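A.B. asks: Sequence:
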Amino acid sequence: MSYPPPPGGQPNPYQEQPQQPPQPGYGYPQQGVPPQGGYGYPQQPPAGGYPAPPGTVQANNGYLNIPYLGTVRVATMGQRFLARLVDGLIIGALNSIIIFAGVGGAIGLTADAEDCGTYLDPGYEACVNENAEQALGGIAAMFAMLALFAVLLLLYEWLMIAFKGATVGKMVLGLKVVREADGRLPGVGGGFIRYIIPVVGAFLCYIGAVLVYLSPFFDNSGKLQGWHDRAAGTVVIKK
Numbered sequence: 001m002s003y004p005p006p007p008g009g010q011p012n013p014y015q016e017q018p019q020q021p022p023q024p025g026y027g028y029p030q031q032g033v034p035p036q037g038g039y040g041y042p043q044q045p046p047a048g049g050y051p052a053p054p055g056t057v058q059a060n061n062g063y064l065n066i067p068y069l070g071t072v073r074v075a076t077m078g079q080r081f082l083a084r085l086v087d088g089l090i091i092g093a094l095n096s097i098i099i100f101a102g103v104g105g106a107i108g109l110t111a112d113a114e115d116c117g118t119y120l121d122p123g124y125e126a127c128v129n130e131n132a133e134q135a136l137g138g139i140a141a142m143f144a145m146l147a148l149f150a151v152l153l154l155l156y157e158w159l160m161i162a163f164k165g166a167t168v169g170k171m172v173l174g175l176k177v178v179r180e181a182d183g184r185l186p187g188v189g190g191g192f193i194r195y196i197i198p199v200v201g202a203f204l205c206y207i208g209a210v211l212v213y214l215s216p217f218f219d220n221s222g223k224l225q226g227w228h229d230r231a232a233g234t235v236v237i238k239k
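Taking full-length UniProt numbering, I'd label the letters of the sequence shown as residues 1 to 239.
No lab work stands behind these hints: they were computed from the structure. Warning: the hint list may mix true and false statements.
Label pairs and their in silico Cβ distance ranges [said to hold, decoys possible]:
(1) I207 with A141: 41 to 49 Å
(2) R73 with F163: 38 to 46 Å
(3) N61 with A144: 27 to 35 Å
(4) A141 with F218: 25 to 33 Å
(5) K164 with R73: 44 to 52 Å
(6) L211 with F100: 27 to 35 Å
(7) S96 with L154: 15 to 23 Å
(8) M145 with D219: 17 to 25 Å
(9) L146 with V172: 20 to 28 Å
(10) G137 with S96: 42 to 50 Å
(11) A101 with L211: 30 to 38 Å
(12) A181 with N220: 31 to 39 Å
(13) D182 with D219: 15 to 23 Å
(14) F163 with I97: 46 to 54 Å
The structure displayed is predicted, hence computed values, not measured ones. Even glycine gets a Cβ: it sits at the ideal position worked out from N, Cα and C.
Between the sequences and the hints, there should be enough to build the whole structure, so can you do that?
C.D. replies: Here you go:
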């Protein structure tokens, strides 16, 4: 219901005023008007689509998306082989030093038996027995050193991967072992699992260990994960 305008042409305050169409701008988006870019509205996806989710291989081209690390390059089998070769040369050199020292000492003690004279000399038998005991003691010491070296080798491979993500050979080649799930270091558990699987395989005339080290060739995902990597949830990347 409307009232006539008062005298003087002034608008009637009681008369309903026509509604004005809403103006575009801040506030709720208008019907039929596409929202403008800005805060509060979803942005268009980047060119080429959204980035690949973590843990996926980009077109099987040697790159891998790992959380907190981004896109990283997977280490090639050639790089891993060279890293293993460097470690093998270092370990082999130390092992040879221990063996040569033990065998050389035993040979030296055996040669000293000639100083005992002949079997006709007094005390010859006691002298020979003493030298033989010393030679046996040297050989026993050598095997003890080898056993200690094996323990240190276990700790070297295990703990270096656990806390550094790389042995000396991998450091030389610029490689690193990380967890595929979050890009962190393998830790004590992951490092032990990754090391012990080839060791168990070595009991089968070392054929099992060779198969474990060659198993990345059997991985068709492009990650080059060996059986020991899959068990530990790790991947080897190039830094």
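A.B. asks: Each hint: holds or not?
C.D. replies: A quick look at each hint next to the structure:
1. The hinted window of 41 to 49 Å between I207 and A141 is violated, with their beta carbons roughly 32 Å apart.
2. Between R73 and F163 the beta carbon distance is about 23 Å. The supplied range of 38 to 46 Å is therefore violated.
3. One distance hint, 27 to 35 Å for the beta-carbon pair N61 and A144, is violated here, with the actual separation near 51 Å.
4. A hinted range of 25 to 33 Å for the beta carbons of A141 and F218 is inconsistent with their spacing of about 43 Å.
5. Against the hinted window of 44 to 52 Å, the Cβ-Cβ separation of K164 and R73 comes to about 19 Å, which falls outside the hint.
6. In this structure, L211 and F100 meet the distance hint of 27 to 35 Å, their C-beta atoms being roughly 32 Å apart.
7. In this structure the supplied range 15 to 23 Å holds for S96 paired with L154, their Cβ-Cβ distance being about 19 Å.
8. Hint check: M145 to D219, Cβ distance near 39 Å, so the stated range 17 to 25 Å is violated.
9. A beta carbon spacing of about 26 Å between L146 and V172 agrees with the range 20 to 28 Å that was offered as a hint.
10. Distance hint check for G137 and S96: the Cβ-Cβ separation is about 21 Å, which falls outside the suggested range of 42 to 50 Å.
11. Checking the proposed 30 to 38 Å range against A101 and L211 shows it holds: the Cβ atoms sit about 34 Å from each other.
12. The given range of 31 to 39 Å is broken by A181 and N220, whose C-beta atoms sit roughly 21 Å from each other.
13. The beta-carbon spacing between D182 and D219, approximately 20 Å, falls within the hinted interval of 15 to 23 Å.
14. A beta carbon spacing of about 26 Å between F163 and I97 contradicts the range 46 to 54 Å that was offered as a hint.
Consistency note: the structure conflicts with the earlier hints numbered 1, 2, 3, 4, 5, 8, 10, 12, 14.
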